[in-house]
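Participant: Chains as they are written, first to last, in my numbering: chain D, 1 to 271; chain Y, 1 to 335.
Treat the hints with care, as some may be off.
What the hints assert, rightly or not - Dumping the calculated BS3-like pairs for lysine-lysine here, alpha-carbon to alpha-carbon at most 27 Å:
hint: 1; chain 1: Y; residue 1: Lys-21; chain 2: Y; residue 2: Lys-137
hint: 2; chain 1: Y; residue 1: Lys-147; chain 2: Y; residue 2: Lys-320
hint: 3; chain 1: D; residue 1: Lys-121; chain 2: D; residue 2: Lys-211
hint: 4; chain 1: D; residue 1: Lys-191; chain 2: Y; residue 2: Lys-318
hint: 5; chain 1: Y; residue 1: Lys-179; chain 2: D; residue 2: Lys-196
hint: 6; chain 1: Y; residue 1: Lys-318; chain 2: D; residue 2: Lys-196
hint: 7; chain 1: Y; residue 1: Lys-98; chain 2: D; residue 2: Lys-121
hint: 8; chain 1: Y; residue 1: Lys-21; chain 2: D; residue 2: Lys-196
hint: 9; chain 1: D; residue 1: Lys-121; chain 2: Y; residue 2: Lys-5
hint: 10; chain 1: D; residue 1: Lys-196; chain 2: Y; residue 2: Lys-320
hint: 11; chain 1: D; residue 1: Lys-191; chain 2: Y; residue 2: Lys-179
hint: 12; chain 1: Y; residue 1: Lys-43; chain 2: Y; residue 2: Lys-84
hint: 13; chain 1: D; residue 1: Lys-191; chain 2: Y; residue 2: Lys-84
hint: 14; chain 1: Y; residue 1: Lys-137; chain 2: Y; residue 2: Lys-98
hint: 15; chain 1: Y; residue 1: Lys-5; chain 2: Y; residue 2: Lys-84
hint: 16; chain 1: Y; residue 1: Lys-147; chain 2: D; residue 2: Lys-76
Hints are computed from structural coordinates only; laboratory data are not their basis.
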Amino acid sequence: MAMLYGLLWRLLLLLVHVNTALVSWLRVRLRSWKGRLWERAVALNHNPDATANPVTGNRDDGRRARWLSDGKALEKLPVHVGLLVAEEEPSYSDVANLVVWCMAVGISYVSVYDNHGIFRKNNSRLLEEILRQQNLLGVDGSKYSIEFLSNGSDKHNVVSCRPTVKVLSPEDGKQSIVQAAQQICRSVENKERSSKDISVSMLDVLLRESKNIPDPDLVLKFGPVNSTLGFLPWHIRLTEFISLPSHRDVSYDNMLDALQRYASCQQRLGQ
Amino acid sequence: MSWIKEGDLNLLEKISANVLKAGPMPKHVAFIMDGNRRFARKKNMERQEGHMQGFNKLAETLRWCKHLNIPEVTVYAFSIENFKRTKEEVDGLMELAKQKFERLLEERDNLEKHGVCIRVLGDLNMLPLDLQELIAKAVVTTRAHNKCFLNVCFAYTSRYEITNAVREMAWGVEQGLIKASDVSESLLSECLYSNNSPNPDLLIRTSGEVRLSDFLLWQTSHSCLVFQSVLWPEYSFWNLCEAILQYQLNHKSIQKARELHQEHQALQQLEADRACVAEHLQHHGNGKPADAQRRQEALLHYTACREDRVQDFLEALKHKRNSFFSDLCSKPVLA
Chain D
1 MAMLYGLLWR LLLLLVHVNT ALVSWLRVRL RSWKGRLWER AVALNHNPDA TANPVTGNRD
61 DGRRARWLSD GKALEKLPVH VGLLVAEEEP SYSDVANLVV WCMAVGISYV SVYDNHGIFR
121 KNNSRLLEEI LRQQNLLGVD GSKYSIEFLS NGSDKHNVVS CRPTVKVLSP EDGKQSIVQA
181 AQQICRSVEN KERSSKDISV SMLDVLLRES KNIPDPDLVL KFGPVNSTLG FLPWHIRLTE
241 FISLPSHRDV SYDNMLDALQ RYASCQQRLG Q
Chain Y
1 MSWIKEGDLN LLEKISANVL KAGPMPKHVA FIMDGNRRFA RKKNMERQEG HMQGFNKLAE
61 TLRWCKHLNI PEVTVYAFSI ENFKRTKEEV DGLMELAKQK FERLLEERDN LEKHGVCIRV
121 LGDLNMLPLD LQELIAKAVV TTRAHNKCFL NVCFAYTSRY EITNAVREMA WGVEQGLIKA
181 SDVSESLLSE CLYSNNSPNP DLLIRTSGEV RLSDFLLWQT SHSCLVFQSV LWPEYSFWNL
241 CEAILQYQLN HKSIQKAREL HQEHQALQQL EADRACVAEH LQHHGNGKPA DAQRRQEALL
301 HYTACREDRV QDFLEALKHK RNSFFSDLCS KPVLA
């Protein structure tokens, strides 16, 4: 009897996998069909003079304007978006694309995370890729210049109005909370404060000192794993989580869809 | 209405349960029971009625979990943020809680029969005193039961819980039980309200919202998260099966991630111990650098001492927490 149930269970999983594969295949077909429709619509709307002169600059201007207006059209735009890559072997160019699109649409802070700490270890490679994508996509370097902060380099209080990219790893999660706790306990040990003084805001301020960015409003999770995998536990108390199947070959429209879903969500904040 | 719903699953439900049980099953499931008020609006009933239906659904869900051999369930009943609601609604919820805990005490024989242990997690001193006393009675009465566990988060947020854990560790330092250098990830976990439970394997949030709302943020860092659009009072056995299936699909990859994290944790602890030993040897050495063997012996000795200290501290903490409940029980219940 147990063997029969075992077989039935394996069959169930198989059916689910087949269903998932079918859905994602349909999604790809739908996207390419939508893409072709869009191209035709754009071609129809375009000024004949502009189309007669296929200079890359014009196309890029059009794209940048479109991205900016897409951002303005949203009811609400997240201030900080976290890109949680829950897949093996990350693709730097796809992540770089996402970062550049997020900033082009008007998002001020973008963080990148994976639970192996791969992005943190290959910090410079990611930065190179982002700069390259900026150039490729014609995004004006000086307007959207990135402050690339890896942990520990922002000890000074910099109020940054330029888009900021942060590369995060599991150490920024529980380990940071533990370090803050140690700091507090040391000051108690040195009789500088009492345990009764410890409050939520004290811990919050300490945690924000080393990571001078606001809590993520939105996390885009890429990959099939349904977990936060250790991403900033303290900071995600009100974060919306939107899942996308993969970061590989992700398109601008995928990202915009997710932002539109975010814009329509309602936060009651306990009330 | 009762906390415990008797009754078996029907044939189809039984078969499905057996199929699921052939795969890995979560041992601890957490629920954010969201959607009571929207349900009430949808059915044109009073908000209070929506909350009552929500409670009934909880009892039913516990019955399903028992049949699925899920021994531990944690639920988010009332957040500290919910105090911001209208006085009328908050008072209504407090009154509902009082009724439910009174009912629970009436059913204590049944609870004993099923071996149900009730724990209430949160900053309970924010609650009205008579409710605190009822809660304390429920907790103390069912403390020894060990077949299944229900953790009710009441007057709870994760940030308050983590802060409280830090406060407890600071208290331990003040009492001279532990040193600041003993503070670690595992020690912090042991100081949370949920320290008697393993981390949830599966977290389910109903009503379509896709956020955690300050619930078990520390404990669910490597849990399977399932967001379902059904409103809580309409939750069905099949919704639960769907969530468990998600857990089973994610099981291997989450397990891998968990093990990776535990490896890192162990490494971190070893590094911290080494650093303390190195500092100690420097201060108490006779100027000559210690050889590898001496360092290794010192490390083993230091680790053993640290573990003893931590054990004593945790015993003291457990005693402090038990006393909090026992003291409340010995107060006469206000009429």
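Participant: Would you mind marking each hint as holding or not holding in the structure?
Facilitator: Hints and how they fare:
1. Y/Lys-21 to Y/Lys-137: This hinted pair is violated, its Cα atoms lying about 35 Å apart.
2. Y/Lys-147 to Y/Lys-320: The given pair, whose Cα atoms are some 25 Å apart, holds under the 27 Å limit.
3. D/Lys-121 to D/Lys-211: Within the cut-off at roughly 18 Å; holds.
4. D/Lys-191 to Y/Lys-318: 25 Å, holds
5. Y/Lys-179 to D/Lys-196: Distance ~17 Å between Y/Lys-179 and D/Lys-196 Cα, so the pair holds.
6. Y/Lys-318 to D/Lys-196: 19 Å, holds
7. Y/Lys-98 to D/Lys-121: 53 Å, violated
8. Y/Lys-21 to D/Lys-196: 47 Å, violated
9. D/Lys-121 to Y/Lys-5: 53 Å, violated
10. D/Lys-196 to Y/Lys-320: 16 Å, holds
11. D/Lys-191 to Y/Lys-179: 13 Å, holds
12. Y/Lys-43 to Y/Lys-84: 25 Å, holds
13. D/Lys-191 to Y/Lys-84: 36 Å, violated
14. Y/Lys-137 to Y/Lys-98: Roughly 12 Å between the alpha carbons, so the hint for Y/Lys-137 and Y/Lys-98 holds.
15. Y/Lys-5 to Y/Lys-84: Between Y/Lys-5 and Y/Lys-84 the Cα gap is close to 33 Å, so the pair fails against 27 Å, i.e. violated.
16. Y/Lys-147 to D/Lys-76: 48 Å, violated
This entry does not satisfy hints 1, 7, 8, 9, 13, 15 and 16, going by the numbered hints stated previously.
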